[in-house]
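Residues per chain, in single letters:
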Amino acid sequence: MGGWGMGRGGRPTENTCRMKDTPLSNCERDFLLKAIEEKKRLDGRQTYDYRKMKITFGTDYGCCFVDLGKTRVMAQVSCELVAPKESRPNEGIMFFNIELSPMASPAFEQGRQSELSVKLNRQLERCLRNSKCIDTESLCVVSGETVWQIRVDIHMLNHDGNLMDAASIAAITALCHFRRPDVGIQGDEVTVYSPEERDPIPLSIYHMPISVSFSFFQQGTYLLVDPCEREERVMDGLLMIAMNKHREICSIQSSGGIMLLKEQVMRCSKIASVKVSEITELISKALENDKKARKAGERCGFAESMPQERITALKMDETPVEMTDVTDRANDIVQNTEAPPQTVPSPVVPVPGVGQIGQGLQNAWGLEEDDEEEEDVSSHEEEEEQVTKMEEEQHEKESREGYFIYFNWVHF
Amino acid sequence: MAGLELLSDQGYRLDGRKATELRKVQARMGVFAQADGSAYLEQGNTKALAVVYGPHEMRGSRSRTRHDRAVINCQYSMATFSTAERKRRPHGDRKSTEMSLHLKQTFEAAVMTQLYPRSQIDIYVKILQSDGGNYSVCVNAATLAVIDAGIPMRDYVCACTVGFVDETPLADLCYAEESGGVSSLALALLPRGGQIALLQMDARLHQDHLETLIEAAMTACKGVSKVLDEVVRQHLQEVSLLSGE
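Chains F and L are the protein sequences, given in the same order.
Just remember that this note's numbering sits 55 ahead of the position in the first sequence, which is counted from 1.
Just remember that this note's numbering sits 1 ahead of the position in the second sequence, which is counted from 1.
Honestly, the hints are just simulated from the structure, not real lab data.
Please read these numbers as outputs of a predicted model, since none were measured by experiment.
Backbone N, C-alpha and C define an ideal beta-carbon position, used for all residues, glycine too.
Keep in mind that a hint or two might mislead.
Stated by the list, open to error - Derived coverage of chain L by chain F (criterion: at least 3 residues anywhere in the stretch with Cβ under 8 angstroms from a Cβ of chain F; other residues may be distant): (1) 159-168; (2) 197-208; (3) 212-222.
Said to hold, decoys possible - Simulated restraints, written as ranges between beta carbons of each label pair: (4) L:Met154 <-> F:Leu342: 30 to 40 angstroms; (5) L:Gln35 <-> F:Leu97: 48 to 58 angstroms; (6) F:Leu97 <-> L:Gln115: 26 to 36 angstroms; (7) F:Ala368 <-> L:Gln115: 51 to 61 angstroms; (8) F:Leu342 <-> L:His210: 23 to 33 angstroms; (9) F:Glu318 <-> L:Leu116: 26 to 36 angstroms; (10) L:His210 <-> F:Ser133: 52 to 62 angstroms.
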């Protein structure tokens with residue numbers, strides 16, 4: 056649904072066409088909550104199951120795509136030489152940026168920093184930067200003058216729930232995959248070697264923090280791991296725990312207006328440690344496979360990661376059909392079939408308030424109909440009486456067809 | 002910072018406190034006459050001012066009106082002179098927005114918003130001097146301001162930041178301790194039911210220590226709630242004395 060946005064001053068501005076996400080209907084919400092109470096999920100997963108995760112890499116080093124079910128996220132790492140911060144002269148700079156573009160979901164607006172975007176950005180920053188997963192001192196080239204600035208850009212390509220987890224996996228995988236150019240220092244001069252001159256060097260990564268999201272429903276009674284988009288809409292709140300495979304918690308963040316108990320948090324952290332070790336294994340395997348593929352000289356990239364076998368057209372040969380004596384055969388069939396049996400109306404005994412639906416059929420709803428069938432003299436007299444009366448009357452009549460009709464006369 | 006010992010052998014911290022000791026809390030309610038509720042709270046050297054307006058009609062975007070409850074609108078800001086270096090902070094920057102979101106989330110859990118449908122409650126918090134534990138001090142100040150405004154809450158919302166050094170949890174971190182690379186956990190608690198309204202942790206902490214840290218945070222929050230309770234009762238006494246009851 057497009058609409059004209061109002062700019063400052065009340066004049067409609069052309070470029071602020073906002074698409075609003077369709078609101079969730081009440082019956083859908085009730086259905087989802089009821090299913091969660093019965094421990095059922097929309098896609099048939101168990102409470103603690105993750106969706107199918109797939110990690111692919113782009114052609115350049117540092118480009119990574121993560122598919123979490125239908126949620127698709129892309130991360131790209133790039134680097135450049137800059138002057139360091141004054142407070143930290145011999146440390147490199149890490150910069151994270153998550154883009155929520157309208158491509159992912161009609162609810163996202165282009166350019167505006169919505170609450171969700173701030174939340175995701177800050178969570179990712181805290182998860183990756185504060186936990187010191189990357190050795191920033193190794194990014195220093197000349198202390199106080201030149202350091203590497205590593206920039207991680209994450210784009211949401213499709214939003215089907217749990218953007219945070221997908222983003223964190225994409226970010227850390229891209230950082231592990233990235234190779235920065237080699238630098239040589241001769242006195243004061245800094246030379247950056249291109250990839251052809253010297254092999255690029257990977258970043259030194261201490262550990263891989265992965266975030267796991269838990270969604271709570273019905274004031275914290277029910278818990279689901281990896282919520283999909285529908286489940287996210289009906290949830291009360293979210294708990295994000297970022298851990299690495301050494302069972303160190305890198306970040307915890309609760310959001311939404313839920314109230315947690317200490318036992319719930321402890322339980323979630325235990326589940327998170329199991330999930331994180333599985334995911335870390337998956338990432339390592341994906342990195343290994345990509346390394347092998349690149350060494351063997353295979354083609355790799357975004358185009359390769361799209362599924363190949365797709366039916367795009369269908370062609371069938373014409374089948375021959377006998378058409379010589381079609382009219383004669385049709386006439387035979389029509390003449391030789393039996394006549395349909397006469398339908399006998401079964402006796403219907405309506406009770407007060409029951410009616411047959413259809414024009415001209417009897418009903419007990421008391422609505423005045425134009426073609427009233429039975430017109431006894433007695434009923435006509437009673438009608439006149441009932442004009443003056445304001446109460447309901449039970450009226451029994453015998454019809455020609457032989458069934459009883461009860462009428463509730465209600466005067467308007 | 003390399004030479005500073007955050008926890009000495011005798012168990013004393015940088016400012017002479019013991020590991021589980023909170024900083025001195027001083028608070029005043031009803032600071033401003035214009036606002037519906039206001040409070041000023043000092044926790045050690047961190048000073049925060051909280052102001053509450055509401056519940057009143059929805060201002061701004063009418064589309065955000067909730068038909069069954071009140072909307073809580075929080076705004077967090079730091080004064081330019083609050084830190085050691087004077088820093089001009091633009092209003093919409095990420096850290097302030099994140100803090101505002103966290104405050105909003107905390108109070109949405111605690112305030113009984115169902116009593117005021119279609120209305121809005123504004124909570125504005127400003128840090129006048131920042132010496133660690135910004136979020137916790139804001140929450141404590143805002144609790145007092147909300148109580149001063151007479152808005153019903155389920156319980157006091159008390160917050161505290163705890164850190165983990167040398168296998169010991171330190172309650173109520175100051176700035177030097179926070180920036181020393183200590184794993185810090187900020188917890189907002191409703192003390193009576195032991196319910197956690199907000200849990201936030203940065204920096205690495207081994208999973209086995211999590212329970213100890215949360216326990217320490219809850220104990221510290223309960224300590225803060227006792228102090229806040231004292232402050233509220235004192236304020237009520239003063240006010241009732243003045244109005245001659």
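Now the hints, each set against the structure:
no. : hint                                      : in the structure
1   : 159-168                                   : violated (count 0)
2   : 197-208                                   : holds (count 12)
3   : 212-222                                   : holds (count 4)
4   : L:Met154 <-> F:Leu342: 30 to 40 angstroms : violated (50 angstroms)
5   : L:Gln35 <-> F:Leu97: 48 to 58 angstroms   : holds (51 angstroms)
6   : F:Leu97 <-> L:Gln115: 26 to 36 angstroms  : holds (29 angstroms)
7   : F:Ala368 <-> L:Gln115: 51 to 61 angstroms : holds (58 angstroms)
8   : F:Leu342 <-> L:His210: 23 to 33 angstroms : holds (30 angstroms)
9   : F:Glu318 <-> L:Leu116: 26 to 36 angstroms : holds (30 angstroms)
10  : L:His210 <-> F:Ser133: 52 to 62 angstroms : violated (37 angstroms)
Of the hints listed earlier, those the structure fails to meet are numbers 1, 4, 10, in rising order.
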